[in-house]
Every structure is written in C-alpha cells, then in structure tokens.
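Trainee: Heads up: the protein sequence lines correspond to chains H and A, in order.
Once you know that position 212 of the first sequence is 212 in the working numbering, the rest is easy, because the numbers rise by one and skip nothing.
Once you know that position 381 of the second sequence is 381 in the working numbering, the rest is easy, because the numbers rise by one and skip nothing.
Take these hints with a grain of salt, some might be off.
[Claimed, not checked] Derived contacts from chain A toward chain H, CB cut-off under 10 Å, selection only:
1. 183
2. 205
3. 214
4. 217
5. 455
Honestly, the hints are just simulated from the structure, not real lab data.
We put the beta carbon where it would ideally sit given N, CA and C, even for glycine.
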Amino acid sequence: MKKNYFFIFFSLFITCFFVAGIFAKDRSFSAYENRYLASYPSFSIAGCMDGSYMEAMDTYLNDQFVLRDSWIRLKANTEKELLGRKVIKDVYLADKDYLINRYTEANIDRALVAQNILYLNEFQEKYAAEVMLVPTAGEILTKYLPSPVDQLDIPSLLSDAHTTIPAFELLKEHDTEPVYYKTDHHWTLLGAYYLYQSFVPDAYPYAATDICTDFQGTISKKLGGSRIFDSMAQFQSPTGNHFQVTYDNTTVTDSLYAPAYLDTTDQYSYYLDGNHAITKIENLSLADTAPSILIVKDSFANTFATMLCENYKTVYLIDLRYYNQSLADFIATENIPEVLFLYNTMNFMQDKNLLKLLR
Amino acid sequence: MIFSSITFLFYFLPIMFFLYYIVPFKYKNIILLLSSLFFYAWGEPKYVLLLLFSVWINFVIGKQIPKHRFLLYISLFLNIGLLVLFKYSTMLFHVYQTFSHSTLSFPELALPLGISFYTFQIMSYMIDVYRGTCAPQKSFLHFATYVTLFPQLIAGPIVRYTDVREELISRTPEYEKGIYFFLIGLSQKVLLANNIGLIWKETLSYPFSSISTPTAWLSLLAYAFQIYFDFCGYSNMAIGLGHVLGFHFPVNFNKPYMSKSITEFWSRWHISLSSWFKEYVYIPLGGNRKGLLRQLINILIVWSLTGIWHGASFNFLLWGLYFAFLLVLEKLFLKEFLEKLPRIMQHLYALFTILTGWVLFAFDSTSDLISFYHRLFQTNISFDSHFLYLIRNNWLIFILCIIISSNLVENLIDRVVHFFHNKGGSRFMSNENTLIFSRNLLQAVKHILLLLCFLLSVAYIVDDSYNPFLYFRF
C-alpha cells in the first residue's frame with residue numbers, strides 16, 4: 001500500500017487552520033507586536049475592481065492568522081538560533097538585550113544631508129543658536145554591537161555641521177549606563193539628563209521615578225515584538241511642579257505628562273503629549289525674570305524639555321514638521337533671547353522640513 | 001494571488017480542493033476553471049476579461065484552422081499583437097519618441113499578469129493544430145481550463161497543449177508526489193529566495209561607488225540564488241499542484257548552476273521556455289539543418305526573443321544577445337576547447353558567464369549596469385566590513401543555497417552508501433538490507449526536514465517578511 005503521509009499531514013494541517021480561522025475571534029490589537037491588527041475589510045465593487053479589497057483581505061487574513069504570535073516567535077527564534085543571525089530587519093540584537101537600529105546608506109540621501117547641513121549652519125549663525133545633535137544608540141553603544149559592525153559612520157557624515165554641544169562625547173562618557181532604551185530608538189531620561197546637566201550651569205541633581213515598566217518601543221515593534229521591556233522615568237520637579245503647558249496655542253494643561261498614552265502603543269508620547277507644532281511650557285514657580293528659550297526640535301527633545309523647564313521661566317518647543325509660520329517672526333514677537341536646535345542625528349539627516357529654519 | 005500567501009495556502013487551497021473532490025468527474029473542469037479565474041482575478045481583477053477574450057477568440061479560431069489554414073496567421077497576429085500592445089507598446093513608443101522628438105503622450109498600460117505565459121501556451125496550441133499534431137479542442141470548457149489552469153497561469157511552466165491534452169479528459173491524481181513537490185517549491189521560494197534576496201536588496205540601496213569587489217560578487221551570487229530559487233520554487237509548486245490535480249507539467253529547472261557550458265545551461269534553465277522557442281521558432285527557421293551561418297543567425301534570433309520575452313526593456317534584449325554570442329562561440333570552437341579542460345574549469349567558466357550575465361538582467365539603467373560591472377572588475381580588492389557583515393549574518397543561507405542548487409550532497413551520500421555497501425554490510429544485516437535501510441533512513445530524514453521547512457515557511461509568511469513577486473515583468 002502506498003503511504004500518503006505527506007498529503008495527509010498537509011491537508012489536515014491546512015484544513016485545521018482553515019476551520020480554526022473561521023471560528024477564531026478576531027483580535028483588534030496585538031500586545032506582542034504592540035500594534036493594531038487589520039480588521040475585516042468592507043466589500044465594495046470599486047475595491048474589487050482596483051484590487052484594493054483583495055489586498056486588504058490578504059493583510060486581514062495574515063494579521064488574524066491563528067496562533068499568529070507563535071508563528072512570529074518561531075520565525076524570530078529561527079533567525080536567531082538556527083541561522084545565528086545577529087541582525088534582523090536592520091536591528092542589531094546587541095549585548096545586554098539592547099535592540100539597536102542599524103542604519104545604512106539605504107536610510108539616507110546624501111544630497112539631502114548636505115542640504116540640511118547648509119540650512120542648519122545658516123540658522124546657527126543667524127540666531128547664534130546652540131546646536132545639539134543627539135547620536136543614535138548605534139553610535140554610542142558600539143561596544144554592545146555584534147561584530148562585524150557595518151553601519152553608517154554618522155559622526156563623519158555630520159562633521160561639517162556647526163554643533164555647539166558635544167553630545168556624542170558627553171554620552172559616550174556614560175555608555176555603560178542606561179542612556180538609551182533597549183526597545184526604542186530614543187534616549188532615556190537619564191541620557192537626556194547628562195546633556196541637560198552640561199547645558200544648564202546650575203542644573204539640579206538627577207532624581208527620577210519610574211512611571212511604567214512595560215514600555216516596548218519602535219524597534220521592538222519592527223521585530224514584531226520581543227520579550228524585552230523598558231521602564232520610562234519622569235524627572236522629580238525640584239521647583240515644585242507648578243507648570244502651565246500650552247499645546248498649539250489652544251490646549252492648556254498643568255502637567256508636562258499625558259498619562260493616557262501609557263495604555264496605548266505610543267507610550268513615549270507620555271512626555272509632553274507627543275508631537276505638536278508648538279508647545280509652551282511656563283514654570284509658575286520661577287520669577288518672571290528667569291530666562292526663556294526656544295527649542296527647535298524633534299521628539300528627542302521631549303524628555304530634555306521636562307528638565308530644562310526647571311531652570312527656564314518659559315520653554316517654547318517648535319516641531320518643524322508641523323509648524324508652518326515664520327520662525328524669525330516668532331522669535332521677534334516673543335522676544336526670545338536663546339535658541340537651541342535639538343535633533344537626533346538620524347532624524348536630522350532625513351528631515352525634509354529644515355528649509356523652514358530660515359523662514 | 002500568490003502561492004506563498006496565507007490567502008492561498010489556508011483559504012483558497014482547502015476550499016478549492018474540497019469543491020474539486022466532492023463533484024463528479026465531469027464537473028471537475030468547471031470547478032477548476034472557475035477557481036482559476038478567481039485566482040487570477042484576485043491579483044488582476046480587470047485583465048481577467050482580457051484573459052477570457054484571448055481564450056474565447058483562440059478557441060473559436062482554433063476550431064476552424066484545419067479547414068481554413070490561413071487562420072493560423074490571423075491568430076498569431078492577434079496573439080502577438082496583444083502581447084506587443086500590452087507589454088511592449090510603452091517601450092516601442094519611447095524608442096519612437098527618442099528618434100522623432102515627438103511630444104505625443106502615450107497611455108502607459110499596466111502589464112497584465114502572466115500574459116507572456118498564457119499567450120505562449122495558446123500559440124503552442126494553435127501551431128500544433130495547424131501542424132496536425134493534435135486535433136482542435138471541441139469543448140470550450142476543456143480549452144479554457146487548459147489555458148487558465150491556476151498552478152501555471154501566472155508564472156509557468158509553459159505547458160503545451162499536447163502535454164496535457166489527454167489529462168483534460170481523464171487523469172489520475174498523485175497526491176503524495178504532488179504535495180512533496182509543492183512543499184519543496186514553497187520552501188525554496190520562502191526560505192531560500194526571500195532570505196538571500198535581502199542581501200541583493202540591501203546592496204542595491206548603496207551607492208555603487210562604495211561597494212567593494214568582494215561585496216559586489218557576493219551580492220551578485222545572492223541575486224543569482226534568489227532568481228533561481230524564486231523561479232524554480234514557483235515552478236515546483238506549480239508542478240506539485242498539477243500532480244495533485246492529476247496533470248503532468250514539464251520539468252522547468254534541472255540544477256542549472258551545475259552546467260559546464262552555456263549550451264548546457266539553456267538545457268537546464270527555464271526548460272519549458274527554451275524548448276518552446278526551439279520547437280516553434282528555431283526549428284521552423286531551419287535550426288541547424290541549413291548550414292552553419294543560418295544556424296548562427298537562428299541562434300541570434302531565438303535568443304533575442306528569449307531575452308525580450310523577460311521584459312520590455314533593452315537590458316533583457318542585451319541579456320539574450322549576450323547568451324547568443326556565447327552560444328555561437330561555443331558552437332564554433334569554445335565548446336571543443338572547454339571539453340579538454342578539467343571539469344572544475346568548465347564549471348567555473350559556466351558560473352562566471354552566467355553570473356556576469358545576471359548583471360544585464362538586473363539593471364535596466366545603463367549607468368547602474370556600467371558602474372556595477374566596474375565594481376565587479378576593479379582591481380582594488382578589500383574585504384571591507386560590509387562584506388564581513390554579510391558573511392557573518394548569512395553564511396548558513398549561502399551554504400544551504402549552494403547545497404540545494406547543486407548535487408554535492410546527493411553525490412556524497414551516494415558515495416557513503418556505496419562505500420558501506422561494498423564493505424559488505426554490517427554485522428547485523430545483509431548487504432542488500434543495509435542499502436535499503438540506509439536509503440529509507442535518508443528518505444525519512446529528508447521528509448521530516450521538509451515538513452519542518454513547511455512550518456518555517458508558514459512562519460515566514462505570517463511575519464510578513466520580504467516576499468517579492470519577481471515575474472511581474474515577464
């Protein structure tokens with residue numbers, strides 16, 4: 001008798017998963033991947049004609065596939081254990097459980113980088129601005145990276161930029177401390193603190209409380225989840241925690257933090273409510289004579305600003321991705337004496353809005 | 001729909017096979033036709049009408065060919081016309097534009113999925129009917145089933161009508177063999193091609209001026225493996241599904257990278273395409289029967305067509321001509337010369353020429369093409385960190401690709417088995433039994449590995465990893 005075990009195994013396997021797929025309840029959110037899963041696409045003739053319905057269906061069936069998390073884990077383990085890969089989806093599986101983005105030529109456009117440096121240098125001269133380019137984790141935590149390392153040499157790419165604060169060197173001094181998240185591309189509060197410390201002459205000592213211990217950031221998401229979690233910390237206000245924060249000139253609150261985000265996939269937005277075109281932080285405990293400052297920034301500044309506002313009466317934050325008015329007018333009207341440019345190096349190289357620096 | 005998707009594996013397949021096996025035989029082709037059209041429309045909802053039109057018009061004309069033989073030319077004109085219109089018109093228009101400096105605009109037509117494959121299948125039928133090799137198919141259902149058969153509809157192999165004529169009416173499924181081939185193909189595509197393809201993809205993202213020579217060669221090797229395992233994997237899946245349904249599709253790949261010459265390569269690579277051209281173009285042109293000069297010209301014609309078949313772009317034409325040139329050289333003197341060399345030299349010659357040929361296949365921009373060649377043949381050889389990085393993270397994939405695209409391991413195992421056989425067996429078993437036992441053991445190991453590969457393939461598909469469809473230009 002001929003044995004048909006391949007056929008039997010295969011047909012049983014696909015039939016079981018087919019039947020299970022029909023009866024399994026759809027999940028709207030994957031905690032493992034920290035993202036929302038596709039839901040059942042609504043049928044439309046137009047969607048069928050241009051194929052978008054079928055594409056949505058493919059994504060839906062894939063997202064809702066039975067035992068999805070286990071399959072993803074199986075793949076991740078295969079890559080790591082069986083193939084011995086140390087880099088998956090351009091993420092280094094570094095020592096001490098660090099997940100670190102690997103950036104290559106594919107991530108940048110050299111012409112754009114050169115252009116951005118020109119804009120920045122002109123901006124720096126125009127306002128005598130302080131410039132801080134915060135390195136990526138891959139630049140600082142090199143000793144944890146699996147060898148051979150092959151990535152962009154970001155410091156040399158940015159050697160022509162007029163930076164006034166040696167962020168690279170300062171963080172490098174603390175590269176054994178948790179200055180970066182293990183699962184996210186941002187620096188931690190502690191990392192930002194060391195730059196705060198060097199930026200403000202009479203900086204307060206570091207004192208922080210953990211506000212969550214189940215943070216999984218962007219890099220973890222990129223890998224389809226991981227078993228590594230970070231904690232997020234919040235600076236203990238030495239001046240009494242009396243703030244008035246105004247977002248986009250409309251929403252006013254008395255807190256630097258937005259705890260509602262801690263239950264979402266975007267936990268990092270806890271700091272200063274994520275991204276806004278313009279954020280104004282006033283420290284009500286300080287005298288009106290205390291200085292004010294404008295930070296032109298990306299999301300790396302959000303932790304930094306929660307400490308800087310202890311020493312400044314007013315901290316303005318402008319995010320050029322969303323801000324479309326004249327920067328020069330703003331600085332003149334608000335009569336701001338000090339300007340800081342704070343960007344992550346990679347964000348700086350990729351940002352297409354830096355022309356706005358000169359408006 | 002593509003084979004390596006959840007939709008196909010876990011929804012289309014079970015539903016389709018369930019319906020297919022519960023209906024009586026005379027309705028099976030209806031199920032097959034409907035599911036094939038559904039399969040096609042899933043990825044190409046509009047052009048399914050073009051496919052149906054092609055099938056219908058050729059069915060009608062085909063029936064009349066034995067009586068009105070000139071109809072063949074009308075049908076060829078029509079089929080080639082549609083192919084040119086949908087596949088080559090944009091390219092031809094650009095040529096016209098360059099020479100006439102015209103500013104006319106031309107609507108860019110999207111290439112209908114699989115048009116090159118099904119048009120060639122239809123033409124094989126028409127020519128065979130004309131030649132009297134087979135009688136015209138009287139049933140529209142059978143004819144439409146033949147052309148649209150979903151396993152081979154969008155990426156081959158190019159099945160000739162005469163290959164499956166009888167099986168359209170009566171066939172015996174071979175489940176075990178079919179699933180075996182299907183799983184081999186699926187693993188080749190998902191585990192090998194997709195993974196090794198990432199290397200090529202990353203290299204393409206670098207400015208070529210920054211790539212070292214070792215990196216360029218390694219990336220090119222990765223590309224060669226990607227295109228082979230992708231294409232061969234797809235063919236194997238098609239062949240496997242064919243067996244499950246009871247069809248015998250022709251073998252499409254036979255370890256092409258083990259060739260010792262380009263002549264041999266083309267008898268092992270995309271066999272259904274090269275044999276199509278041989279049968280319907282090369283031999284009718286006179287083949288090798290009308291003197292050496294005519295034969296060389298025929299080679300030139302056939303390989304220009306083979307090249308341009310792969311896509312409406314000049315690099316494909318160049319790729320075809322490159323092989324024509326090598327084939328002519330081999331015919332004239334090179335083959336004779338090569339055969340005197342040690343076998344390893346012959347393999348190296350073939351691999352070298354095939355690899356450098358892939359560069360032509362990969363780039364449709366002349367400047368990319370030239371700068372990549374420049375990288376391959378520059379004299380400055382340094383094993384830079386990028387090269388070491390690629391090796392460190394991909395060495396196992398490379399080794400697997402080498403093993404599976406060659407017959408090194410099979411040969412080794414055969415030798416070991418024979419060694420023990422000749423030694424006179426073990427103390428416990430007779431000679432014959434050792435041989436049978438070790439063969440069974442190997443077979444079992446192979447099968448278990450394959451089932452594991454299937455599970456891994458599912459995992460790789462679920463995790464939405466890099467899963468390109470490479471035949472969109474064919």
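Trainee: Residue 455(A) was flagged as interface toward chain H. Is the shortest Cβ-Cβ separation under 10 Å?
Mentor: Status holds, d = 7 Å.
Trainee: Holds or violated: is the Cβ of residue 217(A) closer than 10 Å to a Cβ in chain H?
Mentor: Violated. Min distance 17 Å.
Trainee: Against chain H, is residue 205(A) within 10 Å by beta-carbon distance?
Mentor: At about 3 Å, which falls below the 10 Å cut-off, the nearest Cβ of chain H leaves the hint on residue 205(A) intact, so it holds.
Trainee: Answer holds if the nearest beta-carbon of chain H is closer than 10 Å to that of residue 183(A); otherwise answer violated.
Mentor: holds, 7 Å
Trainee: Taking the closest Cβ pair, is residue 214(A) under 10 Å from chain H?
Mentor: Result: violated, 13 Å to nearest chain H Cβ.
Hint compliance for this structure: hints 3 and 4 are not met, and every other hint is.
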